[in-house]
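Take the sequences, apply the hints, and build the full model.
Heads up: the sequence shown begins at 170 in our numbering, then just goes up one per residue.
Hints are supplied without guarantee of correctness; some may be wrong.
Claimed, not checked - Pairwise CB distance ranges, derived in the manner of DEER restraints: (1) D766 x T405: 29 to 39 Å; (2) N525 x Q305: 22 to 32 Å; (3) E326 x Q305: 21 to 31 Å; (4) G767 x I730: 49 to 59 Å; (5) N690 x V454: 22 to 32 Å; (6) R467 x L710: 28 to 38 Å; (7) E373 x G767: 55 to 65 Å; (8) H486 x N690: 19 to 29 Å; (9) P190 x E373: 46 to 56 Å.
I should point out that these hints are in silico values taken from the structure, not numbers from a laboratory. Being a predicted model, the structure only gives us computed values, none of them experimental. Heads up, the beta-carbon is just placed ideally off N, CA and C, and yes, glycines get one too.
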Amino acid sequence: SHKSSKREWKPLEDHSCTDVPWLLLFILFCIGMGFICGFSIATGAAARLLSGYDSYGNICGQKNVKVEGIVNSGLDLTHKKYVFFLDPCNIDIVHQKIKSIALCVSACPRKELKTLADIQKFAETNGSTLCSYELQPSEYTTDPRAAKLCPKYPVPESAPIPFFHRCAPVNISCYAKFAEALITFVSDSSVLHRLISGVMTSKEIIMGLCLLSLVLSMILMVIIRYISRVLVWILTVLVILGSLGGTGVLWWLYAKQRISTGALETQIAKDNLQALLIYAIAATVFTVILFLIMLIMRKRVALTIALFHVAGKVFIHLPLLVFQPFWTFFVLILFWTYWITVLLFLGTTGKHPVPNEEGFVEFRMAGPLKYMWWYHVVGLIWISEFILACQQMTVAGAVVTYYFTREKRNLPFTPILASVNRLVCYHLGTVAKGSFIITLVKIPRMILMYIHTQLKGKENACARCMLKACICCLWCLEKCLTYLNQNAYTATAINSTNFCTSAKDAFVILVENALRVAAINTVGDFMLFLGKVLIVCSTGLAGIMLLNYQRDYTIWVLPLIIVCLFAFLVAHCFLSIYEMVVDVLFLCFAIDTKYNDGSPGREFYMDKVLMEFVENSRKSMKEAGRGGGAEGRELKPMVGADEE
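Below, the structure written as C-alpha cells:
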C-alpha cells in the first residue's frame, strides 16, 4: 500500500523532458526582448545615441532631413561630429537630461575660454563654432543675441567621451552638487585627487590583494571540512558566553540600582528599577530558551558537521564546481551589458521629432510603444533569475550524480559537463518556471519599494509602515521560495519530474526532517558567515601591512575599502556554492535514509562519514529505549521505517 501511495524515488534512472510549455513561453519572451532591440535600432535610436543630436533634431556627422516647423533643422553636419552643450552643468535630475541647447561642433574646446572674444578666437583658429548656427564667428562680440545663443562662459575645458561623440567637461566638479552623498567629500577636491592618486599608485597592491582573496577562498573551500567541528565549537562557546554575559550584566545593574535607590524614593527611579527588572527577566528567559534549543539541536549539529565533511569531498572529486560562480558571473555581465545598451537605445527611440515648449526638438515614444520599458524591466529580472537558476540546477545535477553513483570510479569524466548537458536537453523548462515564480514575487516588491521612496517627503507614517511591512513579507516569501526552488531543482535532477511535482516531493521530505533543516540552515549558515569574515579580515590585514609604507593615512581608505568589498564578494560567491552543495547533499541524504535501510538489496548510497552518523544515531536510539520520546520519532525515517 505504501508503494502505491508514494511515488518511489528512482535516482538517475530515466531522463525525460520537463515543463516544455514553460520553455516555449520563455523562448517567446526572449524573442520579444530581441524585437525591442531590433525596433529601437530600426527607428534610428542607435545612430542618435552613438553620434549624438543637437537641439534642432539634426544627427551630428551626417546630412539631415528638414523637420516641419523647426528652424535650423535639416542641416548638413558631415564635418561637425561632436555634441557640445552651451551650459553643460545645468542638469535636470527629475527628467534625467541636460537642460541646455545642444549643438554639433567640429572640435571640443580643449582649454578654458573665459570671454566671448576667446570663443571668437577659438572659432577662427580651430574652425569650431561654439555659438548657435545663426551667428557667424565675426558677429560673436557685436550681435546682441550672443548672450542667449552663445555658451555660458567661462567655457570649461572639455574632451570628447570615447565612442559617444559628446563634449564633456574634464573637471567633473560641476556635477558634484548632484551626488549629495559625495558633497562633503568632493567639495575639497584636493582630498579627492589624493584618494584617486592613492588608488592609482597602489593599483599593483590592490590587484595582488584581490588575487589573495581568491586564493584564500579556494583554500578555505578545501579545509572547511577539517575545521567545521572547530567552527561549531567556537560558535557554541560564543553564543553561551554572550547570552550569559548579557544576562549577568543586567542583573548586576538591577542590584546596583536597587541598593543606590534605597534612600531616594522618586517616581523616575522606581520606573528605572522596574524597567531593569523586566529587561533582566526577559534576558534570563531568552538564555534558558537558547540553552534548551542548543540541547535539542546538539544531535542535529553532528549531521551538519558530517555534511560539511562530505561537501569538502565533493569539491575534491568535482574541482570544476569551484569555477561555477565565474561562468555565472560572466554570463550575467554579458546580459546586463546588452540590457543597458538596449535601455539607452530605448531612451532615444521615437520616430517622430516633437517640438517642445522652447521650440527645440525632442524624440518621444508614441502610443503603446511607451510600455516597452516595462517589458524590458521584467526581462531583466526574469532572465537574470533564469541564469542563476541554471547555476543551481547544474550544481544540483552534478552533486546528485556524485551521491547516487555507488562506485566513485565510475563517475562521468566531468560530471559538471554531463549535468549542463542534461539541463540543456531536458530541464530548461523547469528552470524557466522556477525563475518566473521568483520574478512574480520580485516585481511587486520593487514597485512597492519605488512607491516607498516616492512617499519619503510626504510623511504619512501609517501608510509607510504598511508598505514597509508588505516589502518585508514579500522579501521573506522570496527567500523561502528560493530555498524551495533549490530543493525542487534537486528533486528534478534526481527524478526528471515536472517543477510542481518536484517541489511537492522535496517539500514533504523537508517537513519530515524539519528540525534537521533548521539546524543545517542556522549552524551551517553561521559557519559560512564566519568563513566570509575570516577571508575579509585576512585580506584587510594583509592590505594594512602592505600599505603601511605609505604614511599618508587618508590614501589608505579607498584601496582598503575596494579590497575588502572585493574579498567579501569573492568569498560570498564561493561559499554560496558550498551552501548549495550542502543543501543538495542533505536532500539526497534524507531520501537515502528514507528508502534504504542498509539491508541487502536496499544498501545506502551515502558516504562513510554519513554512515557513521547513522550508526551513532541508531545506537543512541537503542540506548534511549525503543522509540522513546521525541528523539525516536525524529529518527524514525533513519531506521527503514517504511517496511513495504
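### Query
Do the beta carbons of N525 and Q305 sit within 22 to 32 Å of each other?
27 Å, holds
### Task
Take the C-beta atom of E326 and the C-beta atom of Q305, compute their distance, and say whether it sits inside 21 to 31 Å.
For E326 and Q305 the Cβ distance comes to about 25 Å; the hint holds.
### Task
Can you let me know if the beta-carbon spacing of D766 and T405 is within 29 to 39 Å?
The hinted range 29 to 39 Å holds for D766 and T405, with Cβ atoms some 32 Å apart.
### Message
Given a hint of 22 to 32 Å, does the C-beta separation of N690 and V454 actually sit inside it?
### Response
24 Å, holds
### Query
Has the hinted range 49 to 59 Å been met by the Cβ atoms of G767 and I730?
54 Å, holds
### Task
Evaluate the given range 46 to 56 Å for the C-beta pair formed by P190 and E373.
54 Å, holds
### Query
Taking 19 to 29 Å as the hint, is the beta-carbon distance of H486 and N690 inside that range?
25 Å, holds
### Task
Please test the hint of 55 to 65 Å on the beta carbon pair from E373 and G767.
57 Å, holds
#### Entry: Whether the CB-CB distance between R467 and L710 falls inside 28 to 38 Å
About 34 Å separates the Cβ atoms of R467 and L710, which means 28 to 38 Å holds.
Taken one by one, the earlier hints all hold for this structure without exception.
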